[in-house]
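Once you've looked at the hints, dock chain C against the given chain W.
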Amino acid sequence: MSALFNTNFLNTLIIIGIVVSAIFTVIIDDILPCVIASSVVGTFIALEFLLLRAPDVAIAEGAVGAILTPFIFVITLKKVNEKEGKG
Amino acid sequence: MKKFLAWFSLSILLAFSVYVSFVMAALPSTYNGISNIIVKNTIERTGAINAVTAIVFDFRGYDTLGESFVLFTAVSGSAVILRNYKKNSVTPLEKDLKNSQKNKSNLEIIKEIDKKRDSIIERDSIIVSTANLVLPISLSLGAYVILHGHLSPGGGFQGGVLIAGAVAIVFLAYGMDRVSKVFNAERIKVYESVGALSFLLLGTLGVVYGYNFFKNVIYNQGKPGMLYSSGTIFWMNFAVGYKVLAGIGFLLITMIGTLNAEEKE
Numbered sequence: 897m898s899a900l901f902n903t904n905f906l907n908t909l910i911i912i913g914i915v916v917s918a919i920f921t922v923i924i925d926d927i928l929p930c931v932i933a934s935s936v937v938g939t940f941i942a943l944e945f946l947l948l949r950a951p952d953v954a955i956a957e958g959a960v961g962a963i964l965t966p967f968i969f970v971i972t973l974k975k976v977n978e979k980e981g982k983g
Numbered sequence: 004m005k006k007f008l009a010w011f012s013l014s015i016l017l018a019f020s021v022y023v024s025f026v027m028a029a030l031p032s033t034y035n036g037i038s039n040i041i042v043k044n045t046i047e048r049t050g051a052i053n054a055v056t057a058i059v060f061d062f063r064g065y066d067t068l069g070e071s072f073v074l075f076t077a078v079s080g081s082a083v084i085l086r087n088y089k090k091n092s093v094t095p096l097e098k099d100l101k102n103s104q105k106n107k108s109n110l111e112i113i114k115e116i117d118k119k120r121d122s123i124i125e126r127d128s129i130i131v132s133t134a135n136l137v138l139p140i141s142l143s144l145g146a147y148v149i150l151h152g153h154l155s156p157g158g159g160f161q162g163g164v165l166i167a168g169a170v171a172i173v174f175l176a177y178g179m180d181r182v183s184k185v186f187n188a189e190r191i192k193v194y195e196s197v198g199a200l201s202f203l204l205l206g207t208l209g210v211v212y213g214y215n216f217f218k219n220v221i222y223n224q225g226k227p228g229m230l231y232s233s234g235t236i237f238w239m240n241f242a243v244g245y246k247v248l249a250g251i252g253f254l255l256i257t258m259i260g261t262l263n264a265e266e267k268e
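So the sequence lines, in the order shown, correspond to chains W and C.
To convert, count from 1 in the first sequence and add 896; that's the working numbering.
To convert, count from 1 in the second sequence and add 3; that's the working numbering.
With the rest of the complex left out, here is chain W (with noise of 0.2 Å):
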């Protein structure tokens, strides 16, 4: 049961997300869950970061990889699904 609660287990727990969120970014065909996909990959960077003791990388990658960068995204798909369906 301690297992369970010790830092290299969740580690690899979070490895093993990284890894397998990456390979569904490139794989899913559909872009707006490959955005998402991709956000989830930003977060277990940053949840890995803190493990690894650098809090202020862990804010940005939190803030950057995890939020604007899946907006930036999503508002450009919006802009282009518009401008599709016009067309």
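Note that these hints are calculated values from the structure, not bench results.
The beta carbon of each residue, even a glycine, is placed where N, CA and C say it ideally should be.
It cannot be assumed that every hint is accurate.
[To be verified] Over the 10 Å line for every Cβ pair with chain C, so calculated as not near, a few chain W residues:
hint, residue
1, N904
2, G913
3, L964
[Stated by the list, open to error] Reference listing, derived: stretches of chain W covered by chain C, where coverage requires no fewer than 3 residues with Cβ under 8 Å from a Cβ of chain C:
hint, segment
4, 956-962
5, 967-977
What follows is chain C alone, placed relative to chain W:
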């Protein structure tokens, strides 16, 4: 043939990465090198508790200068592209209102647009109430991170990005018209330049006092660990945070502003 080439290059890459990882594992520790000197002398030389901020704004000031100007160039480039788009476009609601009421002031037109939007789109009450809760928290967290950059984890860039996230929250809760009316994009662009300029001037302070560029000259004011200490690092945090929040906020506002716009005929 193509498939063979792909697998061939992949296998070479794999073998190379295995080799490199073994070599990297055998590398000597760098703790006795320059990092040791920097970590040991941080408080004495700069008065900052947070060694990372001391490195970013003092020992490696040039890196931060280059980084901040990369951001400046990116924001300026997208501003050039998107502003051209915006100049040639109007939102449909604005077009209607401008045609019908030409003698009204700007504020009245904004109020009219808000009223019309309220009747067209119903807002999700969960998102609006969550945003009302989260918005002050994220703003004050960002201000805290900028203010305590030399004491606790974080710094100008992180706090600036956290504050700029407020634009995204306002957009999610209240829609794009509200964003482009609440924030004045032209003025925010000027604020970014002010932040960049003050960062440069703070770096020049070292030259004024007779040392090199980015020398921390007023570091002995205040005890290490107090809020006002560490000299120029404290002020550079402000300058960079202001610059980043204005730059990224401007980027988001211009991108959101193009969403609802139609191209003019």
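- Item | Coverage claim, chain C over the segment 956-962 of chain W, checked by counting residues with Cβ within 8 Å (three needed) | Result for this restraint: holds, n = 3.
- Closest CB of chain C to the CB of N904(W) still more than 10 Å away: holds (18 Å)
- Query: the segment 967-977 of chain W covered by chain C? Criterion: 3 or more residues, Cβ-Cβ distance below 8 Å.
  - Reply: holds (count 6)
- Item | Least C-beta distance between L964(W) and chain C, which was stated to exceed 10 Å | The assertion about L964(W) is violated, with a minimum of 7 Å to chain C.
- Task: Test the statement that G913(W) is away from the interface with chain C: the closest C-beta pair must be farther apart than 10 Å.
- Result: With a cut-off of 10 Å, G913(W) remains clear of chain C, as the shortest Cβ separation is near 22 Å.
Hint 3 alone, counting from the list given before, is not met by this structure.
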